[in-house]
Amino acid sequence: MKRALTFTASLAALASALPLAAQDVTITGVTVATGDGSEPVENGAVVLQGGKVVYAGSAANMPTAPQSAIIDGEGRWVTPGLFATVTNLGLWDVGAVSESNDIRAGGSPFSAALDVAPVINPASQHILIHRAAGITRAAVVGSASGSIFAGQGAIIDLGSDANAVTKPRAFQVVELGEGGARLSGGSRTSAQALFRNALLEAGEFERSGTIRSTGSAGTSRQGDDIGIDSRMARTSRDRASDVLLTRFDAAALVPVARGEQPLYVMVERAADIRSALALKKEFPRLDMVLVGASEGWLVASDIAASGIPVIADGLDDLPQGFDQLASTQSNIGRMVKAGVKVAINASAMENPRNLNQYAGNLVALTRMPGADGLSWGQAFAAITSVPAEISGMGGKAGVLALGANGDLVIWDGDPLEVGSSVVRVYIDGIEQPLENHQSRLRDRYRELDESTLPEAYDW
Amino acid sequence: MTTKLQTIAAGALAIALAACSTTGTAEAESASASQATTDTPFPSTYEPYPGAPTALVGATIYDGVGGRIDNGTVFFSGGKIVSIGGPDTPVPADIAVFDGTGKFVTPGIIDIHSHLGDYPTPSVDAHSDGNEATSPTTPEVWAEHSVWPQDPGFARALANGGVTSLQVLPGSANLMGGRSATLKNVPSRTVQGMKFPGAPYGFKMACGENPKRVYGNRGRMPSTRMGNFAVNRQTWLDAKAYDGKKRDLAKETLKGVLDGEILVHNHCYRADEMALVMDMAKEMGYKVSAFHHAVEAYKIGDLLRENDVCSAIWADWYGFKMEAYDGILENAAYLQREDACVVIHSDDANGIQRLNQEAAKAQAAGARVGIDISDAQVIRWITLNPAKAMGIDAMTGSLEPGKMADVVLWNGDPLSVYSRPEKVWVDGALLFDAMDRKRRPVSDFELGQPGEGDVK
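The listed protein sequences correspond, in order, to chains A and B.
Residues in the first sequence are numbered from 1 upward in steps of one, following the UniProt record's numbering.
Residues in the second sequence are numbered from 1 upward in steps of one, following the UniProt record's numbering.
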């Protein structure tokens with residue numbers, strides 16, 4: 001009975017610890033990095049009201065302190081929450097436990113139609129763990145496995161609530177280059193042919209008039225709208241007999257063909273990047289983003305001229321394959337120098353929580369003769385505002401600016417430094433719990449004393 | 001050592017013997033080491049490259065043992081550390097002196113777990129030489145026969161990670177994967193030219209999911225963890241019965257382990273499984289030198305200390321398979337709290353370039369829970385501790401007079417993300433210099449390719 005009571009009490013304690021609504025918060029005495037590419041500001045302040053940022057910058061210019069909880073940051077750092085792209089957060093529990101893992105669907109009859117939005121698990125330990133590491137928003141998508149198309153990715157927040165997905169069907173992913181060659185039958189030629197065919201089939205579908213954009217019947221813009229739901233293609237109208245895509249997959253590619261849904265193109269080799277850029281000329285409506293781009297520095301001016309942003313592997317410097325012979329840690333620095341908009345690819349590291357470490361390494365390169373790195377502000381933007389902009393959340397996430405979502409992280413030091421840790425996390429102005437499986441193990445094994453009872457009772 | 005056959009059942013004695021095998025004095029280890037290498041038909045041909053007498057002055061020095069010297073001096077000559085100390089340490093005139101003001105000096109970084117060379121880049125099937133996954137026990141294979149000296153990863157580890165020595169292991173598909181190769185991280189046309197002179201062989205073993213998955217999927221033993229142990233124990237028993245009259249490559253390796261000349265490196269994630277392995281080792285009369293990928297080591301830091309087994313771990317890898325589910329950031333700190341031996345390892349051609357950062361992350365995780373570990377001790381996790389577990393600590397791993405002059409000059413605090421190796425010496429030879437673009441190795445594979453000689 002006593003234990004039951006204790007249990008109830010601790011549940012109540014847990015419940016009361018969970019914040020329920022956005023708080024108005026003023027944080028002073030901190031170093032502020034806004035994420036917009038600027039350098040950090042010492043003696044800064046940040047004000048959240050109604051779940052939005054109303055001020056971030058020098059404390060000297062802070063508006064009169066509103067009615068809100070005031071936190072003295074004691075020399076800590078405040079930044080926007082990190083924005084991780086591309087990830088598979090919420091799609092898996094244990095990598096090698098296939099029944100817990102929804103990243104790949106090689107046995108599925110579908111490819112482009114695969115949509116992660118309904119299957120993302122907001123209670124996934126990886127979401128909890130990465131929230132505790134200061135990541136507040138992420139782009140999530142599975143891996144291409146049965147076809148060159150990986151399917152439709154979603155934008156999520158990592159908040160402690162049931163609604164992770166903030167934008168379903170936010171982008172489509174296609175593998176070209178070496179990866180696409182393997183998936184399409186063994187050659188890049190096949191990947192190219194499949195891709196063109198897919199866009200043409202989607203175009204046929206579009207002309208048949210069965211796909212409507214969300215909202216008005218006519219034009220639709222990405223903007224604030226929820227991504228277009230291609231599942232509105234309910235017709236079973238006859239199609240040409242030699243089609244390769246399922247009706248569902250072709251329908252899913254209509255928003256891509258229209259340029260209403262960004263297309264993330266995974267390529268590494270300089271020649272494959274050029275081919276991708278050429279596709280943009282062939283299909284001008286495509287809203288393209290390059291992912292990977294290990295040899296991007298070799299064609300940096302071409303990428304810059306195209307205006308296509310890149311989600312680039314941060315520190316790849318090995319010839320992992322014959323499509324990455326020229327990879328170097330200076331890749332991102334050189335592309336940024338050439339005017340390319342570059343975010344650091346969260347899928348090119350062990351876990352997305354290494355994003356800040358990778359960004360810090362790019363700063364370190366600025367001190368190496370012959371290497372190209374990023375300034376602190378640029379590096380931090382590459383894991384905050386730039387991925388947010390690429391994800392259609394420019395000005396709202398990954399940045400501390402007037403009107404932006406109240407996503408912020410308080411750190412005990414420079415957030416790019418490997419010795420720094422997260423102290424508090426807010427999403428939409430709501431302070432987030434930072435507990436998870438790992439933190440509970442950490443607490444249980446603070447000491448190994450079993451003189452009274454086994455560790456199993458220490459929780 | 002033939003008496004060991006009679007002592008199988010005598011548990012206490014077996015423990016004592018096992019403990020003797022790798023915890024003796026430095027001289028004992030050297031003797032054992034030289035014996036192991038003179039026996040090999042593939043002897044090291046490594047000779048240090050030419051070096052000049054060099055002094056690094058005015059730097060912050062972490063000596064690898066756990067000591068720190070501010071405004072320190074390291075002087076090396078003839079490939080060996082001659083002296084180390086404060087600003088008043090005598091340095092001969094007319095030698096190369098580098099001003100280390102604002103910079104840091106550490107011993108060369110050592111990676112106890114690498115697959116450079118046996119899983120080289122480009123990582124194409126033709127290069128997949130790390131797992132002889134055709135039988136659950138392959139003690140007869142030697143990693144050195146798979147090492148491709150032209151793997152571009154060696155130079156990355158040198159230039160970006162300050163790695164001067166490494167152990168290249170067979171993979172973990174098999175319960176007994178074969179002998180490891182301990183290498184000097186120097187460019188060479190042959191693997192013999194990289195082999196660390198006097199280093200004992202290691203022996204790769206693997207617990208848990210990998211062996212039972214690989215062989216269980218083929219409908220053969222082992223398909224379970226209990227099958228893993230049964231196969232291991234029977235293999236050890238058969239090796240003990242080996243009389244050596246007819247050469248048997250597998251049993252020669254196992255005999256070398258039982259005789260304490262070959263050091264066991266056991267891939268093992270789960271705490272309960274490590275405890276079982278340590279008992280199996282006692283039963284059979286060998287010693288585990290280090291558990292690798294020991295993500296749950298923090299649960300049994302006391303046991304690991306008592307058994308004098310190092311834990312070679314990542315800072316933050318977790319979750320990629322069931323036995324990695326309980327990985328926590330505090331693993332290293334909790335082991336250090338129990339005074340158990342911590343080694344930070346990579347198992348990765350990228351991670352090996354940032355072992356210093358991985359160590360720093362593990363240190364920070366400890367600080368968050370009130371376990372303060374000095375910077376100098378943290379450097380030991382990637383220098384002297386791996387050297388000890390690899391049986392080369394009498395020769396390298398710390399900046400002590402008489403040891404190999406394997407030295408890194410960092411352009412800042414090596415536990416900061418903003419620091420990089422500026423110069424790296426192996427046996428006193430300057431093999432990487434960030435300030436001199438020609439002082440940077442480029443492998444045969446990279447010649448004529450885009451990016452040849454780039455900073456990487």
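Careful: at least some of the hints might be erroneous.
Said to hold, decoys possible - Between beta-carbon pairs, the in silico distance windows are:
1. B:Gly402 with A:Arg367: 31 to 37 Å
2. B:Ala230 with A:Arg274: 54 to 60 Å
3. A:Ala305 with B:Gly85: 39 to 45 Å
Unchecked claim - Footprint (simulated), chain A over chain B, 3 or more residues, beta carbon under 8 Å:
4. 121–129
5. 356–362
6. 446–453
Claimed, not checked - Covered by chain B, according to a simulated footprint, are these stretches of chain A (three or more residues, beta-carbon under 8 Å):
7. 95–104
8. 413–423
To be clear, the hints were calculated from the coordinates, so they are not data collected in a lab.
Every residue gets a Cβ at the ideal spot worked out from N, C-alpha and C, and that includes glycine.
Cross-check of the supplied hints:
1. Distance hint check: the CB atoms of B:Gly402 and A:Arg367 are about 34 Å apart, consistent with the given range 31 to 37 Å.
2. Take B:Ala230 and A:Arg274: their Cβ atoms lie about 57 Å apart, and the range 54 to 60 Å holds.
3. In this structure the supplied range 39 to 45 Å is violated for A:Ala305 paired with B:Gly85, their Cβ-Cβ distance being about 58 Å.
4. Proximity of the stretch 121–129 of chain B to chain A, defined as three or more residues with a beta carbon under 8 Å from a beta carbon of that chain, is established by the 4 residues found.
5. Only when three residues or more bring their CB closer than 8 Å to a CB of chain A does the claim for the stretch 356–362 of chain B stand; here the count is 3, and the claim holds.
6. Three residues within the 8 Å Cβ limit are the bar, and the stretch 446–453 of chain B against chain A gives 4, so the coverage statement holds.
7. For the stretch 95–104 of chain A, the stated coverage by chain B is satisfied: 3 residues place a CB nearer than 8 Å to a CB of that chain, which reaches the threshold of 3.
8. Taking a C-beta to C-beta cut-off of 8 Å, the stretch 413–423 of chain A contributes 6 residues in contact with chain B, enough for the three needed, and the coverage statement holds.
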